[in-house]
Structure formats: C-alpha cells, structure tokens
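Make the full structure from the sequences, and use the hints.
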Amino acid sequence: MPEGHMNGASPRILVVEDDADARAALIDILEISGYSAVPAGSGREALNYLHVSSPPSLIILDLMMPEMDGWEFRFHQKKDPALADVPVIVVTAFGGAAIDADNILVKPIDVDRLLELVGSYIPSE
Amino acid sequence: VSDSHAHNAQLESEIQALEQREAEAELHGDLTALSALWSDSLLANSTSNLIAGKQVLFDLIRSGRLRIKKMERRTLRMTILDDLVVTTGNETSELETGGGLLFCSYMNVWARHGGTWQMLARHVGLISRAAES
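These protein sequence lines are chains A and B, in that order. Just so we're aligned: the first sequence equals residues 1 to 125 in our numbering. Just so we're aligned: the second sequence equals residues 1001 to 1133 in our numbering.
There's no promise every hint is true.
With the Cβ distance kept under 10 angstroms, some of the chain B side facing chain A (calculated, not the full set) [said to hold, decoys possible]:
#1 His1005
#2 Ser1041
#3 Leu1050
#4 Ile1051
#5 Val1056
Result set (DMTMM-like, lysine to aspartate or glutamate): computed pairs, CA atoms no more than 25 angstroms apart in a straight line [claimed, not checked]:
#6 A/Lys107 with A/Asp19
#7 B/Lys1054 with B/Glu1091
#8 B/Lys1070 with A/Asp28
#9 B/Lys1070 with A/Asp21
#10 B/Lys1069 with A/Glu116
#11 A/Lys107 with B/Asp1030
#12 A/Lys107 with B/Asp1059
#13 B/Lys1054 with A/Glu116
#14 B/Lys1069 with A/Asp19
#15 B/Lys1069 with A/Asp21
#16 B/Lys1069 with A/Asp28
#17 B/Lys1054 with B/Asp1030
#18 B/Lys1054 with A/Glu31
#19 B/Lys1054 with A/Asp21
#20 A/Lys79 with A/Asp28
#21 B/Lys1054 with A/Asp110
#22 A/Lys79 with A/Asp18
#23 B/Lys1054 with B/Glu1096
#24 B/Lys1070 with A/Asp19
#25 A/Lys107 with B/Glu1091
#26 B/Lys1054 with A/Asp28
#27 A/Lys79 with A/Asp69
Read the hints as simulated data drawn from the structure, not as lab findings. Please read all numbers here as calculations on a predicted model, not as lab measurements. Glycine included, each C-beta is placed from N, C-alpha and C at the ideal position.
Encoded structure:
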C-alpha cells in the first residue's frame, strides 16, 4: 500500500519530469502545499528510486522523456505488485495521449486543479 | 491632437509606469506592492508550464522559493480597449535559485476596476536561455 498519513509520515509524491524548470516548479508547489516531493528526471531514474524506496503516495508522471518515457515507466510500474496500486497523474502537452493513468492533466498545468487532484488521493497536512 | 488621442497617450504612459512598477515589485518580492498591482483573479502562465493564481504566487514568494535577482521589462506594444489594456514585449530575468539568464516574451492584461488598474493575466514564454555564469 502507498504510504500516507496513517504512518505519521508526510505524504510523499514522486515527480517524474525531464524538464528541470518544470520539475523544480512542481516540487515547490507541492512542498508549500504540505507534501513531501521527490524528483526524478526520467522513467529510468524513477524506477531506480522506487526499487530502493518504499512506494510513494502518488506519482506525477510526464510522458515525453529521454532514456525511459512515461509509457514504458507505466508498463514496468504496473508489472510490479509493490508499485501497481500507486496512483498516477499524467502531465502531458498532448491532450489526446493514450495512456492508462488515474488522471491526465494537459500542460500548461492548472495548479489549482493539480492540487485538487493530489488532495483527492492524499490530504495535505 | 484629438482629445481621445491625448487620452490614449496619457493612459499608455500610465500603463507603461505600472508595467515597470510591477516588474520592480516582482524583482524585490514586494508583496505589499504586488497585492495592490495584481487582481485577486490574476491568472499567470509561466515558463514552467504552470498556470497559477495570486495566492499560489504569494505562497511561493513568501516561502522564498520564488526569488528573482534580475528583471528587466521592455514593453513593445499596447492595445487599449476601454477598461482593458493588453501589453506585450520582452523580459530578461534570472532567478536566485539558478537556471541562467532567461530571455522571454510576455503578454500582460491590465483591467480597470473602480478607477484602479490591476494586472488580470500574464503569460511568459521562453525565447532563449543563457548558460549560468
């Protein structure tokens, strides 16, 4: 099960985004909203992190990334029983992107909508 | 010079001053000034591809996560339509947190409510970035 408030820890969100500015901005927004956020610059980096860490409460996932894109990351995530249930919000410039995710937000991302969605999975402190 | 032309020239000058005052307030993280200059309904679309309102931007400035060390704005064109003014031009800016010098285009929308002009919308797009020194 993804970790959350039940264990007393700050809800942790994995932000997978290759654009450094966008990644940093997302982390800032999440942290000032009471969440703990962990950055990853590609699907590969995200998987490497997940293999040595407990599952986060939520994953925010870009699609177009070098090394390993969002589709391939989802393929590996869903195959892993320890990670398969972690909810995923996809953020993408492509409105019609075909991907199996809990939610899809089209860029530019409306911060209010993002926080509303994040809050529906994990209430902030 | 017709009255309306003179009126527009005066308004252009007023908005030009507001553009500079707003850039200065952003540079210094001056929340008091920004509170007066930004509409409560402000919508800003940034180079980070995030659409944020006044409250989120204030939270970012207050937390020290949005700190600007350089900000120069050059207003190139302005369109006036009664109580709305659209400005566009370019900006050179740099964040305290790094990322190098940003050369951006921008578009701002100013709206007059009860005789007071406030920024209602802002869109900044990246033209190019200079490497960090």
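Outcome of the hint check:
This hint is violated: B/His1005 has a C-beta 38 angstroms from the nearest C-beta of chain A, more than the 10 angstroms allowed. For B/Ser1041, the interface hint is violated, the least distance from its beta-carbon to any beta-carbon of chain A being 12 angstroms, above 10 angstroms. The closest approach between the C-beta of B/Leu1050 and any C-beta of chain A is roughly 5 angstroms, which is under the 10 angstroms cut-off, so the hint is satisfied. With a least beta-carbon distance of about 5 angstroms to chain A, the hint placing B/Ile1051 at the interface is held under the 10 angstroms criterion.
Annotation: interface hint on B/Val1056 holds; nearest CB of chain A at approximately 5 angstroms, less than 10 angstroms. At most 25 angstroms may separate the alpha-carbon atoms for a hinted pair to count; A/Lys107 and A/Asp19 meet this at roughly 13 angstroms. Between B/Lys1054 and B/Glu1091 the alpha-carbon distance is near 20 angstroms, which keeps this suggested pair within the 25 angstroms criterion. Between the alpha carbons of B/Lys1070 and A/Asp28 the distance comes to roughly 20 angstroms, so the proposed pair stays at or under 25 angstroms and holds.
Pair hint B/Lys1070 plus A/Asp21 holds up; C-alpha atoms about 17 angstroms apart against a cutoff of 25 angstroms. Taking the CA atoms of B/Lys1069 and A/Glu116, the gap is about 32 angstroms. The hint is violated against a cut of 25 angstroms. For a cut-off of 25 angstroms, the pair hint linking A/Lys107 to B/Asp1030 is broken: about 29 angstroms separates their Cα positions. Among the hinted pairs, A/Lys107 with B/Asp1059 is consistent with the structure: their alpha-carbon atoms are about 22 angstroms apart, no more than 25 angstroms.
Taken as a hint, the B/Lys1054 and A/Glu116 pair is honoured in the structure, with Cα atoms around 17 angstroms apart against an allowance of 25 angstroms. Restraint check for B/Lys1069 and A/Asp19: satisfied, since their Cα atoms lie roughly 22 angstroms apart, inside the 25 angstroms limit. Of the pairs offered as hints, the one joining B/Lys1069 and A/Asp21 holds, with about 16 angstroms between alpha carbons and a cut-off of 25 angstroms not exceeded. Taking the CA atoms of B/Lys1069 and A/Asp28, the gap is about 18 angstroms. The hint holds against a cut of 25 angstroms.
With a C-alpha separation of about 13 angstroms, the suggested pair B/Lys1054 and B/Asp1030 falls inside the 25 angstroms cut-off, and the hint holds. Using a Cα cut-off of 25 angstroms, the hinted pair B/Lys1054 and A/Glu31 holds, with the two alpha carbons roughly 17 angstroms apart. Between B/Lys1054 and A/Asp21, the direct Cα distance comes to roughly 20 angstroms. Compliance with the 25 angstroms bound is thereby established for this hinted pair. For the given pair, A/Lys79 sits about 31 angstroms from A/Asp28 by alpha-carbon distance, which is inconsistent with the 25 angstroms threshold.
About 13 angstroms separates the Cα atoms of B/Lys1054 and A/Asp110, which keeps this hinted pair within 25 angstroms; it holds. Taken as a hint, the A/Lys79 and A/Asp18 pair is honoured in the structure, with Cα atoms around 23 angstroms apart against an allowance of 25 angstroms. As the CA atoms of B/Lys1054 and B/Glu1096 are separated by approximately 21 angstroms, the hinted pair is consistent with the 25 angstroms bound. Of the pairs offered as hints, the one joining B/Lys1070 and A/Asp19 holds, with about 22 angstroms between alpha carbons and a cut-off of 25 angstroms not exceeded.
With a CA separation close to 22 angstroms, the supplied pair A/Lys107 and B/Glu1091 stays within the 25 angstroms bound. A distance of roughly 15 angstroms separates the Cα atoms of B/Lys1054 and A/Asp28; the hinted pair therefore holds under the 25 angstroms criterion. Distance hint between A/Lys79 and A/Asp69 is fulfilled; the C-alpha atoms sit about 16 angstroms from each other, no more than 25 angstroms.
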